[in-house]
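J.: So the chains spell out like this:
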Amino acid sequence: MDRFIALVAAGVAQGSIAALIALGIVLLHKATGVVNFAQGDLLTLGAYLAVFFITDHGMNTLLGYALTLIIAFMVGVGIERIGYAPLRKQSLLAVVISTFALALGLRSLLILWFGTDLRTLPPPLGNKVLHIGGAAIPYQTVLIAVVMLVLFVALELLLHRTSIGRQVRALAADRETALLQGIRVNRLSILMFGLSASLAALGGLLVVPIIPASPELGFTLLLASFAAVVLGGFDNVGGTVLAALAVAITQQLLTGYVNHDYSEAYPYIILLVVLILRPAGLIRQSTSVRY
Amino acid sequence: MSATDSSASAVQSTVGAPDVQSTLEASPVGQVDDTRVAGTGIRPVIFARHQFISWGLAVVLVAIVPLFVHGLYGLGVAKTAGLFAILSLGFYYQFALSGQFSFATTAFYAVGAYTSIWASQYGGFLVGFLAGIVAAGLYAAVIKLALRRSPLIQFGIATLAVSALSLIILREWESFTGGGLGRYGVKPVSLFGYDLVTPTEQFYAVAAVALIGIFLLILFERSPAQRDLVFVRDMADVARTTGLRSSPMLVVAFALGGAYMGAAGSLLAHTAGFVDITSFSIAISLDVLLMVLLGGVRSVWGPPIGAVVLILLPEWLRSIADYKDLIYAGVILLVVLVLPGGLVSLPHRIRGLRRAKARS
Numbered sequence: 203m204d205r206f207i208a209l210v211a212a213g214v215a216q217g218s219i220a221a222l223i224a225l226g227i228v229l230l231h232k233a234t235g236v237v238n239f240a241q242g243d244l245l246t247l248g249a250y251l252a253v254f255f256i257t258d259h260g261m262n263t264l265l266g267y268a269l270t271l272i273i274a275f276m277v278g279v280g281i282e283r284i285g286y287a288p289l290r291k292q293s294l295l296a297v298v299i300s301t302f303a304l305a306l307g308l309r310s311l312l313i314l315w316f317g318t319d320l321r322t323l324p325p326p327l328g329n330k331v332l333h334i335g336g337a338a339i340p341y342q343t344v345l346i347a348v349v350m351l352v353l354f355v356a357l358e359l360l361l362h363r364t365s366i367g368r369q370v371r372a373l374a375a376d377r378e379t380a381l382l383q384g385i386r387v388n389r390l391s392i393l394m395f396g397l398s399a400s401l402a403a404l405g406g407l408l409v410v411p412i413i414p415a416s417p418e419l420g421f422t423l424l425l426a427s428f429a430a431v432v433l434g435g436f437d438n439v440g441g442t443v444l445a446a447l448a449v450a451i452t453q454q455l456l457t458g459y460v461n462h463d464y465s466e467a468y469p470y471i472i473l474l475v476v477l478i479l480r481p482a483g484l485i486r487q488s489t490s491v492r493y
Numbered sequence: 298m299s300a301t302d303s304s305a306s307a308v309q310s311t312v313g314a315p316d317v318q319s320t321l322e323a324s325p326v327g328q329v330d331d332t333r334v335a336g337t338g339i340r341p342v343i344f345a346r347h348q349f350i351s352w353g354l355a356v357v358l359v360a361i362v363p364l365f366v367h368g369l370y371g372l373g374v375a376k377t378a379g380l381f382a383i384l385s386l387g388f389y390y391q392f393a394l395s396g397q398f399s400f401a402t403t404a405f406y407a408v409g410a411y412t413s414i415w416a417s418q419y420g421g422f423l424v425g426f427l428a429g430i431v432a433a434g435l436y437a438a439v440i441k442l443a444l445r446r447s448p449l450i451q452f453g454i455a456t457l458a459v460s461a462l463s464l465i466i467l468r469e470w471e472s473f474t475g476g477g478l479g480r481y482g483v484k485p486v487s488l489f490g491y492d493l494v495t496p497t498e499q500f501y502a503v504a505a506v507a508l509i510g511i512f513l514l515i516l517f518e519r520s521p522a523q524r525d526l527v528f529v530r531d532m533a534d535v536a537r538t539t540g541l542r543s544s545p546m547l548v549v550a551f552a553l554g555g556a557y558m559g560a561a562g563s564l565l566a567h568t569a570g571f572v573d574i575t576s577f578s579i580a581i582s583l584d585v586l587l588m589v590l591l592g593g594v595r596s597v598w599g600p601p602i603g604a605v606v607l608i609l610l611p612e613w614l615r616s617i618a619d620y621k622d623l624i625y626a627g628v629i630l631l632v633v634l635v636l637p638g639g640l641v642s643l644p645h646r647i648r649g650l651r652r653a654k655a656r657s
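Read top to bottom, the protein sequences are chains A and B. Following the working numbering, the residues of the first sequence are numbered contiguously, the last one being 493. Following the working numbering, the residues of the second sequence are numbered contiguously, the last one being 657.
Calculated directly from the structure, the hints in this document are not laboratory data. Incorrect hints may appear among the rest.
As the list claims (entries may be wrong) - Calculated Cβ distances over 12 Å to all of chain B for the following chain A residues: (1) 203; (2) 263; (3) 322; (4) 325; (5) 340; (6) 344; (7) 412; (8) 459; (9) 470.
Stated by the list, open to error - Just so you have them, the derived chain B footprint on chain A, three or more residues with Cβ under 8 Å: (10) 274-288; (11) 472-480.
Think of the CB as a built atom: it goes at the ideal place given N, C-alpha and C, for glycine as much as any other residue.
Construct the entire structure; sequences and hints are all you get.
T.: Right, here's the structure in full:
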């Protein structure tokens with residue numbers, strides 16, 4: 203039983219990180235229709251910045267976190283200005299490719315800045331563990347899950363209960379009409395790019411005490427959250443969080459009880475099986491195509 | 298003479314002009330299942346002139362490469378460029394001609410290589426080569442069939458999963474791939490009992506396959522099948538109303554691309570003589586995507602030119618090798634932003650600019 207609890211806890215931690223990245227992807231997709239492939243490298247950026255401020259420069263933990271999030275926000279704004287704004291009139295694929303190029307550029311800048319060594323950060327709550335039913339769960343794991351849940355609720359409220367949320371949904375529905383209604387579409391899409399970059403960086407600074415930062419960190423994690431985003435339907439925040447948790451917990455249980463050689467393969471198998479059975483993900487969305 | 302010349306180019310420019318395409322591409326950005334490829338439009342191939350003459354020129358160009366490039370290293374780089382040219386030709390079928398955004402390149406490359414090594418034990422290089430092509434093509438067809446109803450982005454992410462999954466399976470399947478140890482002593486490329494083992498011969502072998510690949514692609518480009526495929530790519534629903542069966546066409550195009558990639562994998566195995574799991578990575582899929590974008594998606598010459606440039610770029614810029622990826626990123630961004638047609642469209646763009654200047 204304690205093994206089961208430990209496996210589920212590990213799955214929740216892993217799923218929460220995937221969900222944090224996925225929240226950023228869904229938020230951006232909801233507002234602008236862009237699938238941002240730079241999300242993983244923004245997470246790496248967050249991890250490295252936190253290490254840079256807190257370990258290398260001995261900064262106060264909260265101040266370091268705040269600076270990290272602010273810088274990530276600005277990088278997100280930069281991505282919007284360089285990779286999205288000039289391409290808005292072109293096809294979706296052009297934007298996807300430009301986010302790819304920006305991700306590659308960001309990753310190589312990080313390698314130039316920090317090298318390829320593994321870097322880590324002491325957990326902010328110390329190395330204590332929580333005992334539940336005989337299983338030891340690190341506080342950092344609990345923290346990640348709590349932060350993810352709080353952000354999920356906050357994002358749902360933001361999107362469905364505030365004026366900004368209504369504007370975002372109007373922007374997503376039809377950019378021109380939103381503009382005619384007096385919504386500042388440019389400012390809004392900049393805000394959304396910044397916010398989703400901050401979400402990714404938050405994932406990075408939370409994950410770096412558990413998984414050491416390396417240049418490939420974000421891209422590896424990105425694959426798992428793509429599985430969650432696809433399964434949860436691109437526009438469904440709740441579905442995405444559920445899918446992220448379900449995939450990670452299933453992966454941990456299969457690894458623990460079935461075969462650990464294929465541990466990394468399980469998310470891909472789940473993703474492919476679901477896509478074969480339901481081509482547009484578990485939760486179907488309706489879109490229209492104009493010719 | 299000059300009058301007919303200018304009228305011919307005028308017709309060409311109207312057909313290829315951006316305003317014609319912009320009506321085809323006037324699509325809202327926020328759609329997941331928008332299958333249109335950046336910067337492409339329906340372009341009647343009869344206006345793509347001199348394709349066979351260009352091909353002849355390319356043959357001559359390839360034939361004289363060993364006069365200028367010497368040694369194991371230089372010819373090795375040239376051979377790598379040839380392999381990536383074949384990979385990106387395969388990607389042209391999948392991406393440019395049928396609008397399928399795929400990251401499974403490296404999976405087909407690896408399947409081609411390992412199948413070829415396995416089959417060549419039973420009948421020499423040619424048997425292995427053909428087996429690699431068929432296996433990779435079939436693998437691609439199965440994947441596309443299974444995922445045929447997935448929209449563009451979902452399909453892209455699924456192929457990312459296919460790549461990662463294939464590499465894991467190949468790593469664990471030790472009796473077939475040798476696992477982490479790899480496969481040593483692969484039979485060399487041989488033709489009619491003659492083994493091609495020197496760097497020059499190996500380069501010619503790879504380049505010959507690349508040139509044959511381009512030739513077949515040109516034939517395909519000039520066939521009615523290409524026009525049907527482009528129709529399906531741009532307007533799948535409309536194409537279906539005219540009686541075209543869109544799904545089988547996309548499967549065949551994807552499989553053709555996979556077969557090219559399998560050929561490249563087989564050549565990699567038999568020219569290097571050694572293959573292990575680190576020979577393949579998802580980075581290869583990304584590189585091939587970048588090559589095709591850089592070269593251009595509107596012409597058969599785009600992919601090979603992009604491959605050659607992107608392989609040679611780090612060689613020319615050896616002193617700033619650390620900045621390689623940064624330069625890649627900058628180049629791709631520049632191409633997407635200012636030159637959506639890729640490097641091949643450069644002469645056309647310059648001509649257009651000059652004409653505009655002459656008019657003003």
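J.: Which of the listed hints are broken here?
T.: 9
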